[in-house]
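Residue numbers (our numbering), protein chains in the order written: chain S, 1 to 319; chain P, 1 to 319; chain X, 1 to 319; chain F, 1 to 319.
Read the hints as simulated data drawn from the structure, not as lab findings. Be careful, since some hints might not be right.
A pair counts as met if it fits within one copy or between any two copies, since identical chains are not told apart.
Straight-line distance between alpha carbons at most 30 Å, and here's what the computed DSSO-like set of lysine-lysine pairs gives [unchecked claim]:
| id | residue 1 | residue 2 |
| --- | --- | --- |
| 1 | K291 | K84 |
| 2 | K304 | K291 |
| 3 | K274 | K291 |
| 4 | K302 | K291 |
Now for the letters of each chain:
Protein chains: 4
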Amino acid sequence: MKTIGVLTSGGDSPGMNAAVRAVVRFGVRNSLRIIGIQRGYCGLIDGAFKEMHFPDVAGIMERGGTILRTSRCGEFYTKEGRAKAAEQLKAAGIDGLVVIGGEGSFTGAKFLHEEHGIPIVGIPGTIDNDISQTDMCVGVDTCLNTVVDAIQNLKDTATSHERAFIVEVMGRSSGYIALCAALATGSEAAIVPEVPIDWDKLASRLLEERKRGKINCIIVVAEGAGGAFHVAKNLQDRIGYETRVTILGHIQRGGSPTAFDRILATRMGAEAVKALLEGKSCHMMALQFGKIVPVPMEQVLKEKKTLDMTLYQLAHLLS
Amino acid sequence: MKTIGVLTSGGDSPGMNAAVRAVVRFGVRNSLRIIGIQRGYCGLIDGAFKEMHFPDVAGIMERGGTILRTSRCGEFYTKEGRAKAAEQLKAAGIDGLVVIGGEGSFTGAKFLHEEHGIPIVGIPGTIDNDISQTDMCVGVDTCLNTVVDAIQNLKDTATSHERAFIVEVMGRSSGYIALCAALATGSEAAIVPEVPIDWDKLASRLLEERKRGKINCIIVVAEGAGGAFHVAKNLQDRIGYETRVTILGHIQRGGSPTAFDRILATRMGAEAVKALLEGKSCHMMALQFGKIVPVPMEQVLKEKKTLDMTLYQLAHLLS
Amino acid sequence: MKTIGVLTSGGDSPGMNAAVRAVVRFGVRNSLRIIGIQRGYCGLIDGAFKEMHFPDVAGIMERGGTILRTSRCGEFYTKEGRAKAAEQLKAAGIDGLVVIGGEGSFTGAKFLHEEHGIPIVGIPGTIDNDISQTDMCVGVDTCLNTVVDAIQNLKDTATSHERAFIVEVMGRSSGYIALCAALATGSEAAIVPEVPIDWDKLASRLLEERKRGKINCIIVVAEGAGGAFHVAKNLQDRIGYETRVTILGHIQRGGSPTAFDRILATRMGAEAVKALLEGKSCHMMALQFGKIVPVPMEQVLKEKKTLDMTLYQLAHLLS
Amino acid sequence: MKTIGVLTSGGDSPGMNAAVRAVVRFGVRNSLRIIGIQRGYCGLIDGAFKEMHFPDVAGIMERGGTILRTSRCGEFYTKEGRAKAAEQLKAAGIDGLVVIGGEGSFTGAKFLHEEHGIPIVGIPGTIDNDISQTDMCVGVDTCLNTVVDAIQNLKDTATSHERAFIVEVMGRSSGYIALCAALATGSEAAIVPEVPIDWDKLASRLLEERKRGKINCIIVVAEGAGGAFHVAKNLQDRIGYETRVTILGHIQRGGSPTAFDRILATRMGAEAVKALLEGKSCHMMALQFGKIVPVPMEQVLKEKKTLDMTLYQLAHLLS
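Generate coordinates for the entire structure from the input sequences, incorporating the hints supplied.
Right, here's the structure in full:
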């Protein structure tokens with residue numbers, strides 16, 4: 001292994017830059033050439049390659065987004081697209097690839113490996129925390145803190161106006177962000193794709209709490225659980241007082257990464273290079289029991305991450 | 001003047017608590033009784049009164065929202081409602097009233113004064129900065145910083161994905177927040193109620209910038225200028241690349257106030273009490289040339305705040 | 001077990017309030033009486049007790065410090081002091097005690113248990129992260145983010161002035177905060193109590209990096225590793241250019257807790273009550289492999305937490 | 001006027017980058033060549049010049065510090081040094097100079113103008129707010145918010161431990177930051193260079209407040225008023241309870257600028273270029289009555305900024 005390529009793919013998440021920095025610097029320290037690939041799989045197909053040195057990644061760890069840019073690339077999900085990508089890698093002398101992204105990006109990476117034999121190591125970077133085998137993905141901690149701060153702002157207004165707010169947060173198939181945000185802000189309910197909702201029961205609990213004297217009410221809903229307007233429609237008539245909807249949207253993706261995300265990404269970046277050097281061929285770096293370990297990509301992709309129901313019950317018990 | 005009432009009314013804005021604290025403490029230091037009125041004009045009509053002392057306002061300056069709570073009270077905009085309010089004030093021995101709120105609240109206050117002779121002093125508290133005669137309203141600076149932080153987050157993602165974002169911010173009749181946020185983030189355009197938009201011209205400018213190599217694009221739009229979806233509809237076909245919409249919503253109202261808002265609110269709170277003691281009968285405290293001065297409420301309500309067109313041109317010139 | 005007391009002891013750490021809230025609410029939901037004890041062991045000796053209900057802990061999770069207050073209490077480290085404390089507990093009918101604090105506080109708790117048979121469960125709350133058996137203590141994540149933000153500010157100035165900054169952070173016997181902060185900010189060196197420093201080697205590395213074109217330099221030092229002035233004295237002559245010292249001090253203790261700390265504290269608070277209900281008599285709640293588990297206090301106190309040397313090497317390799 | 005040079009000098013302050021950006025972009029839009037001068041007057045003497053175009057200042061407005069770097073340059077304060085500087089300017093064809101910095105930098109600029117006839121316009125950039133004729137300097141608002149956030153952190157700990165904190169903030173000859181920070185945090189006292197302190201009176205006030213039940217105490221002291229240890233020494237014996245000292249130091253200089261500082265700097269940058277185009281020869285841009293106006297440098301340098309004693313009294317009255 002002499003030359004390693006690195007790319008970011010899919011939705012950006014805070015900490016991706018720290019991972020890129022670690023791949024570049026750990027690689028250079030181990031006498032490798034590191035090639036930065038622009039705009040994810042699109043740049044891989046187009047050959048948008050540039051060698052990266054130590055100073056190219058100075059001062060990027062604290063910045064959100066990804067300096068390599070990213071994309072969702074339809075062409076890569078065709079056999080022809082991946083064949084082009086493999087040729088580009090060969091032409092540039094790239095022996096191994098680090099892919100920073102989510103499940104969709106890993107599925108593509110696995111095909112590329114299977115069809116063209118290119119060793120690939122993935123780093124889980126997504127704010128959804130919906131990737132199995134790893135306790136945390138790069139970006140989740142930052143996203144969660146952004147959401148918690150935003151909800152704290154809403155609580156000020158909710159209290160002042162004695163209103164209910166319904167806040168929609170990211171999470172297409174995973175309620176992790178919604179649940180943790182509800183737990184961390186003492187919100188009245190988390191509505192997540194993993195757990196069906198009994199609207200009558202929820203409404204009667206909210207009404208009881210109101211009677212008990214609670215003047216504000218925050219309900220956090222994952223986008224994958226139907227969205228905020230869906231919740232508002234189901235609740236408004238049942239509780240009979242004003243609700244307001246806020247969709248946090250893309251502000252959840254950005255921002256300077258937290259210490260946790262910077263460190264997680266840095267460790268995973270270094271370990272990904274090490275894994276390629278040690279001959280791993282199609283793995284993902286995972287955080288397990290506080291350690292960064294390689295897990296076969298196949299295992300990652302065939303299992304689904306589940307929600308911790310203890311946390312779910314705790315959030316509702318303490319609110 | 002022995003007893004002064006204080007209330008917050010309309011939409012909450014960060015810094016209202018600092019104003020309440022200053023009214024209470026400056027009043028107490030001047031041997032006045034200060035009565036806190038709950039939930040704005042609703043509480044005024046209902047007699048939801050409570051005397052406030054020094055410790056009642058400890059530790060509130062740093063908190064968003066308003067500990068007195070607030071409301072939009074339809075009944076107060078009837079003659080009968082105001083008559084009830086006047087009786088409540090009389091019964092409680094309240095000789096003067098400090099109203100912290102926006103234009104709507106001041107209109108109500110002026111009627112109360114005219115119909116029942118109660119001395120009233122207003123403190124401009126609204127994130128819209130749409131009140132004439134004063135350079136700044138309490139809450140605007142905090143709101144603007146919240147918006148700037150949110151847009152900074154979006155810029156990370158916009159750059160990573162080479163996308164255009166259309167961000168809707170508060171401002172029903174005023175484009176102040178939208179314009180200042182655009183200026184402070186180097187956004188590509190501010191769309192405000194005060195200035196009509198030539199969509200073709202804007203689109204061709206954006207396309208030119210894209211050709212020049214600019215990979216991200218942020219357009220800030222005030223809710224009163226048609227809203228973000230309206231802008232997206234008008235732009236998308238003309239520029240021919242992906243746009244995303246984010247509506248910042250109620251997170252703009254909350255949050256711990258900035259130093260500026262705390263100090264402005266504190267000064268206005270103290271000066272409002274002083275104005276009542278000096279016999280002012282229907283005035284608003286205004287920031288003019290760095291000083292806090294009383295301005296007749298009539299003058300405040302009959303003029304409309306205008307946008308600084310130099311800033312508007314500057315924002316577009318430098319982006 | 002009918003009645004549980006809860007206190008915070010030693011240096012405060014962000015998240016203690018979330019732990020108190022969880023103890024109170026989880027206890028109440030399990031039909032227990034929960035008694036809040038003021039000012040740590042001082043209040044335990046004085047009988048500064050107050051029953052706490054659901055609303056008493058509303059809106060405290062987002063606040064730094066501890067609403068129960070805390071102290072370092074010399075008297076409790078005498079047998080007589082602890083005897084008084086035991087009497088107070090008995091008089092108040094308290095059957096079990098939750099102690100939120102660090103190693104010193106746990107040592108005291110263990111004596112109280114051994115001498116008077118009172119069941120005790122500890123929650124590790126300290127920003128030093130120097131408690132064995134648990135991956136993280138409540139407050140560490142918030143502290144680390146505060147430190148990272150402060151160093152980011154210093155980097156702006158260091159770069160602008162082409163200076164070296166020596167930043168002293170908390171950590172008497174543990175270099176955890178210093179090391180993680182260095183890793184998360186890409187600082188040039190972490191100086192920690194656990195690893196002896198070769199000043200000549202460090203200086204020559206810094207000089208080389210300067211030659212290579214690096215214009216700023218940040219060295220993070222744990223207070224327990226000699227402190228910032230000690231480092232400055234040893235480096236200044238060797239590197240021959242201006243260094244500046246900043247001691248972050250007590251700002252590291254405060255601030256609204258991060259999402260991680262709120263959730264960790266909440267889980268530990270609930271699990272501590274559960275452990276007492278299940279008959280645990282002298283344990284500490286620990287975060288192990290992502291789960292909250294009880295560990296015998298004896299084991300916690302006899303082992304010393306070690307620094308992860310992989311992280312230490314990584315920090316210096318990538319800077 | 002065809003070519004304008006721009007430099008930053010003295011201590012860096014947040015917002016300097018926004019001023020540089022505005023000078024470059026407003027200049028380019030007006031068909032000027034803009035030359036960036038590195039490291040303040042040192043780079044001016046050395047001829048460290050580089051033409052700057054639109055993209056060179058992209059993405060810098062949100063960053064603290066100054067991309068042009070800065071220095072305190074002894075040589076420029078000699079006639080010979082300034083002669084060298086003038087030659088460099090002539091050689092590079094620079095017709096006018098924008099100097100972003102504080103009083104010391106402006107004194108140097110005035111000499112350069114008087115001795116060599118070079119038109120100069122200053123932009124007040126310093127966190128001390130000690131420059132006359134302008135309501136605010138670039139960087140003050142950001143610094144003040146950083147200080148307020150830090151003090152808020154200390155308050156958490158002060159309250160938890162029932163301690164007094166003495167916080168030293170920037171301000172060699174001006175107490176502006178100390179006073180405004182005290183006002184914005186409800187601190188117990190501001191100790192500033194402009195007002196002598198009666199230690200006995202201060203101590204007895206603090207003791208009274210303690211008796212009244214206030215459990216925390218924050219005293220903010222400007223570095224120019226003797227510093228924190230001086231205050232601690234004078235107070236500790238008189239009040240008889242534990243005080244802690246925190247020196248905020250250089251974290252006050254850095255950080256992403258607030259919206260206010262970005263907008264102020266942007267406006268001043270554009271107006272500085274305009275002033276040079278209009279033939280101003282030795283002026284400073286000032287914020288007066290909400291407008292940016294040129295003021296003769298002579299007038300700026302001969303007057304001393306005074307502290308607003310109304311604010312001083314208000315801070316102590318309301319605490």
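*Is it within a copy, between copies, both, or neither that the alpha carbon of K274 lies no farther than 30 Å from that of K291?*
both (14 Å within a copy, 28 Å between copies)
*Tell me, please, which holds for K302 and K291 at an alpha-carbon limit of 30 Å: within, between, both or neither?*
Close inside one copy (22 Å) and across copies (24 Å); limit 30 Å.
*Up to 30 Å CA-CA - K291 versus K304, copy category*: both (21 Å within a copy, 20 Å between copies)
*What label fits K291 with K84 when the C-alpha limit is 30 Å: within, between, both, or neither?*
This pair counts as neither: shortest intra-copy Cα distance 36 Å, inter-copy 45 Å.
Hint 1 from the list above is the single one not met by this structure.
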